[in-house]
Structures are given as C-alpha cells and as structure tokens.
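Student: Once you have looked at the hints, place chain G on chain R.
Protein chains: 2
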Amino acid sequence: MAKSIKIGILGLGTVGTGVVKLLEQNGDIIAQKLGQPLKISHILVRDLNRKRDIDVDPNLLTTDPEKIFSDPETNIIVEVMGGVGAAKEYILKSLKRGKSVVTANKDLLALHGKELFNASETHGVDLLFEASVGGGIPIIHPLKECLAGNRIRKVMGIVNGTTNYILTKMTREGRSFSDVLEEAKSLGYAEADPTSDIEGDDAARKMAILASIAFGTRITYHDVYRQGISNLTVEDINYANDLGYAVKLLGIAREDEDGIEVRVHPAFVPLKHPLAAVSDVFNAVFVEGDAVGETMFYGRGAGSMPTASAVVGDIIEAARNFQHHDRGRITCTCFYDKPIKPMGAVVTKYYLRLIVKDEPGVLASIAGVFGEREVSLASVVQERALNSSAAELVLITHHVREQNLQDALKILADLPVVKQIASVVRVEGGED
Amino acid sequence: MAKSIKIGILGLGTVGTGVVKLLEQNGDIIAQKLGQPLKISHILVRDLNRKRDIDVDPNLLTTDPEKIFSDPETNIIVEVMGGVGAAKEYILKSLKRGKSVVTANKDLLALHGKELFNASETHGVDLLFEASVGGGIPIIHPLKECLAGNRIRKVMGIVNGTTNYILTKMTREGRSFSDVLEEAKSLGYAEADPTSDIEGDDAARKMAILASIAFGTRITYHDVYRQGISNLTVEDINYANDLGYAVKLLGIAREDEDGIEVRVHPAFVPLKHPLAAVSDVFNAVFVEGDAVGETMFYGRGAGSMPTASAVVGDIIEAARNFQHHDRGRITCTCFYDKPIKPMGAVVTKYYLRLIVKDEPGVLASIAGVFGEREVSLASVVQERALNSSAAELVLITHHVREQNLQDALKILADLPVVKQIASVVRVEGGED
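Residue numbers (our numbering), protein chains in the order written: chain R, 180 to 611; chain G, 180 to 611.
Just chain R, with the same shape it has in the complex:
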C-alpha cells in the first residue's frame, strides 16, 4: 500500500487518547477509504513518564512542540490539548508551516476564530473543527455544506451534556439542583469546578460557533447572552411538566430583519418538540432553514470516543484534501457583518412565578403593571394560597419584548403586594 500520511497530535488527555485508540482500532477501514494509511508521527505530552490508559509507543511521545512543527513529513496537526494559550500559539505555528489543523477547541474558536481562520486561509491549509460542537454529532459539516443552499433562520440546541443530565435527573427524580450536581460530580459527568457548564459558558461557546456558520457573520463568545441553570427549582420543573413542557438549557440563535440574537438560558420546551425528548448526557441541535424546514442532529455531545469520532472524521477529510492538493477548499464563511440585537430587543414568551400577598385585587394590580408595559398575559395558570398571608401566582405571557418584561418586573418588585419574583423562565420552541 501507498506511503502513510503522518499526523502529529497535541495532547493526550481524554480526547487525545480516544483519537489514538480510534486510529488504531479502525486503521484498516480508514486506509481503505483513503487508499493510504494514517500514521501518528508525534504526540505532544507534558510528562513523558506519566502512566496512561493506553499502550502507546514511547518513541512517539515528545515534550517539544518544535519537533512536531519542524517535521516536514507531518502534514496534519490534531490539537486536543485545550485551553486558549499554548493551543492558540501551536495552531498558528502549524498553519504557518503549511500544516492542516484539526481541533476540538471550542473555547479558542469562540474567542479567536477570526484570527485562526484568517491564518488558515493565508497559508492555504485546512482548519477543521467538527468536534468543537456536539462531540460526535455531525453538525458543523452538515450546516456548512449539506445545508449550504438554505438561508438558516434558527439554530436551537441542547449543547451541554452536564446540564442536560442534571435537568433530566431533577425532572425524573424530583431532586434539587445541588443534590443532583453533587451526584454528577461523583459520577464524572460534572467537573470539580462545574461553573463553565452550569452557568452556560460552555454552551455559549458552542452557540457562538454554530451561529457564525449559520448566519455567515462572526459571533464571539462575548456576543452570547447567557444564564445558567443553578436557580431552577424542582417546583418550576413540576409546573413545566404539568403545563406540557420539559425544562432544558437551550442555546438559541435566530436571525430576523432586526439582526442576530444568540442566547443560552433555561427554557420551557413543549413536550411535543423533538428537543424535549433529548435526555441524560445526550445533545441535539435543531436547525431551521428556508428550504429544508426543520431538521435535527442528535447524539453524544462529549466523551472520549464520540469526540474522537468527529476528530478522526476531520483527519480523514484533511488527509483527502492533502492527497488531492485541495487544502483550504472551504475556508471561513463569515462573509457578512450583521448586527447583534441587544437582549432587550429579543421577543419570546415567559413563565413567571410570583409570591404575592393573599388579598383581593392583587392580580388586578399586577395585570395592570404588565398591561402598561405591553406585556400581554396568555394565561394565569395557578393562583393558590401558600399560607394565611401569601399566595403563589403562576403566569404565562404572550410573545413580548424582553425589555418590556424586565421593566415590568422591576416595577413589580417594588410593589407592596409582591413579596417575591420567584422565577422567570423563557418559553421556547412553540410557534414563533
């Protein structure tokens, strides 16, 4: 068989280990597809002597990145070390030396995508990143290529497995957020410091990447509104279920005549919506295009082997482009410079739970405040006495501007009859 195509891997953590395993395990079918075998030439590690989960030829390991970049035979670099410091430097160096890069690094792309894509374009090589969103789920390529004939209207996804696991458990077992979080940590589904997952930062990075591709305009992490799930209560989840909704941490990216909105926050999703059935650590991305209509991509959004599946798919593509002298065939697709809507201009529906004084006329005065701010109520779902002096009021609004709702809530908070604005959760996935 023909000479092998050589690959340098930066990092041998969870994903790196999966990539090494998968290239070994399925090397035969990959070589068959490419007509040439793939061969790992170098693996950059921090510690040469660390005990590892896999058997790997110690001669491949190096602590010196320069050894990899300066090897003229290594044409594909796989960055699976993570972080935005050294990883960025190494990717840029690789691109400059004419090597194609495959990366799973969402943090880096969501912050410095423009610089990285510019470099890949300048040097005529590939920068592929299927693994950066949705783990093993094919979503970047379908969005960038298969759906390229569509004007994308909306991308809506469950793109963080940790929070989906927590919300699924809270829903099924009626347990509190903190209780389930502790269990998720002990099972390895949540990190010791789970902030990035539970506060929506991780999802925001992925949505920045998806929105950039969907709308052809550069969206960074900082453009994404985000709100996490730590304030959600079992009470709200129970109300959601009673009303026919699942509670999910959603990433939503929409374009309309006023611009682009990209936001990550908990939401009520109608049980009949395909995203409502996406449970546990599974991820799914729902895409709406003007021709294709509604489509959805579902699978494991994280983990060693699922992520390796996406990385290896990209390695095969980079290898094919190298064989065909066709590197850099699809570069950055952010051709436009579209405005980002302020969050106040977003229009959606809301679920509200208020604790109020249990006395006559309370609902009327609350409805009055909403009315003045053009917040129209769809229904008063529940109105029940909590004790001799307090009642709970559960409301669902029609579509309203976020700013109007926030203004109304500010006034309500100061109203003597309102004891507490207990919950505000957006309602998504119904008719727009």
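Just so you know, the hints here were simulated from the structure itself, not pulled from any lab data. Heads up, none of these hints are tricks.
Given that identical chains are not distinguished, each listed pair holds provided it fits within a single copy or across any two copies.
Subject to a maximum C-alpha distance of 27 Å in a straight line, what follows is the list of computed DSS-like cross-link-like pairs (lysine-lysine):
#: 1; residue 1: LYS246; residue 2: LYS267
#: 2; residue 1: LYS267; residue 2: LYS218
#: 3; residue 1: LYS267; residue 2: LYS323
#: 4; residue 1: LYS182; residue 2: LYS323
#: 5; residue 1: LYS212; residue 2: LYS293
#: 6; residue 1: LYS275; residue 2: LYS323
#: 7; residue 1: LYS200; residue 2: LYS517
Tutor: Below, chain G alone, put in the same frame as chain R:
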C-alpha cells in the same frame, strides 16, 4: 464577479421545480460561498408548453437531452426526472462526457448503483446523491464523511413519510389503515397507487443505499427483506401503546460476524427510543457506530423544497470540486463483498397475537410448541375471552431466530386449538 458555473437540469417536476426556485431564491448566498454564481443553462422537459408553478425563462427549456450533454460549458447535470430507464441513460451519458451528476433517484441507485459509480470513477467526475434518502436530511454525507472513522454497527430509520403519516394517524385517532390511507391520498401525502410506499419498497431502496455506505459492501434493492404496513390493525397499535411501544415502519441494517441483514417491516419501538417520537411525515435515521455511539438525523424526508435543499447542497459541492479540479474526490466506498444473511438467520423479538379456543390447557400446548422450536416467551401479556368459545392470547418473545419462530408458527397454524395467528410484529430498538 467571476464567470458563472452552468447547470443542466433534467426534469421539472416537484423536485426540479424546487431546485429552480431555491437556486433563484438563495443565489446570492450560494454565489458568496462559491465565489462564483451558479446559473441554470438548460432544463429538460417533456412538454415545452405545459403550464407550470414557476416562472422560468422559456429559452432554458428543451425537449432534446443531447442539447444539454453536448454543451461544453455545462459541467453539472442534475437528474430529477426519476425512473430507471431514460434517467439511467442520461446519467451515464453525462458522466461519459465528463460532467458531474447530482441525482435524487433512489430507485436507480438501489438497482444500478455499481454501474453508475463505476462510470463516475472511470470518467473522474462526481456522482452525488444526498437527496436520494431522507429528503432534506443530511445523512449520506455525514455517514460517508463525518462518521468515516467509525465501524458502523447498525442503521435504523423511518425513511418513508407516507407510512409514518398513516401510522401516526392510526395511533392518535384510532382509525383503520384503509380509512387513513384514503385521507392521505386526498391530502396528497399518498400517491394514487400507494403500493411502493405502503408495501415498503420505497423504504427498501433507501435502506439499500444506506447499508451500502454503512458497511462498505454493495446492497441492492433485491437484497432487502420487505413487509408493508397494510396488515396492521388498530388493535395491535393499541396493544403496542399499552405495552410502552410505538408502531413504526422501520428500515434496519445490521452487521455482525454472520454477515449483513437489511430489512424493512413494521416494528414495535420502545417509546423512550428517539425514533418513537418521530411522527407525521417526518423521517429520521438512527446510526450506531463503534466510536460515536448512538446518533440520529431527523427532518422532512420528502417534498419539493426539502429535497431541493439536499440537491442544491450537492450542486454546491460539485461546483466546488469543479473549481478546485478535484472532481471524483470521493468515489464508491463499497470495497468489500460481505455476505447477506438469509432472513431466517435474523434474530429479534416478536409480538404475537393469537386467537385460540377458550379451553383449559391451550396455553400449555402453545408454549410447548414454542419450547420445542427454541422460541422462548418473555411474557404472556394478555389472555382474554372473546366469546364463549374463543380467547385472545398476546405474547412477547425473547430474542429468537426468525426461522425458529416461523417454524413454530407453521405448527401452531395446524394446531386444532389455534383458530388464527392474528398478528406477528417484530420488536426492535431495545437492548440487542
């Protein structure tokens, strides 16, 4: 802007009209992505004067295919005329003249795929067919490229919208097959002659295409076992629901050490399986790979614009390959010649409904027949008297070989205590 890339379209029916509309509607973003506009140079039609749903420049229309093939400026041919006669001839002619071909023609690919792919390879051009399975859903490219690092174990799909619509209606409204079929015809969801859809032929063609890609071996329409939905009763659907299943027409392709199985038949699918929630005319394809695990692709499996979305995605790819002198970059991937299992060797679970004499010892003698044939019963779900002399017996088996079950059923049919074998439906999507 640069010179346009010219496209010849064969056929201006439902899909052809969608393609013309979409190229017009989103021509700006497509040109942006390619750096060159796409331009329709010819459209082959049967009747120049027919009234059509769209405004199309009459100068583009022709009844002479040779005019298209002989135009050296037209480099991409889109075959959306359907059928396996002229379509095959025209595709082969196009490939021979060095033109890339985009087709939505599942009938043709499922019968003559090998010959067509050989021709595209010989002439170094593309033969792209994303629209042939699942309408607008990206599934061919993800399976062939993004998931290329996986050994695919199983592909399971709802790949026919007409039957899914009928089963959804039967389930929700408790109406009979024939009643819903008539309604589907009047709404245009079923054709005047619905045989190909309801008998599973259409799904079998799509499964032949998916299985060929998934397992790297040529599967034709004739290799696919098929059974339609016309014998399903509301009674069985109600039992399924009571037992926690949805009833779907499934296409299933699996590989194990004994070979490949590809089959289309109605099945009970556990309600918690992602395919169970795929309703109405929607399609979904569930793919299981050794690295990626479970993944699913969901969307509209038919219709003018969704199908056009897939066709235009392929046109863009063919145009890009033309620009980059990289046509024929991914050719046929059927490298192997794997054995197809006889249907009798397939192992699955079964739901059985029998009408028996209502007398003591009946269950024992039936269980005895199953036991002799190594058909192990998981549960006797229901045993109820229908009238003074007959009872209904509903059983679910463990995993058994199809041949063993069929042998047992043959013996049962001759047993004096068995009045009728009312239903036999496979149970899929649980633990293998």
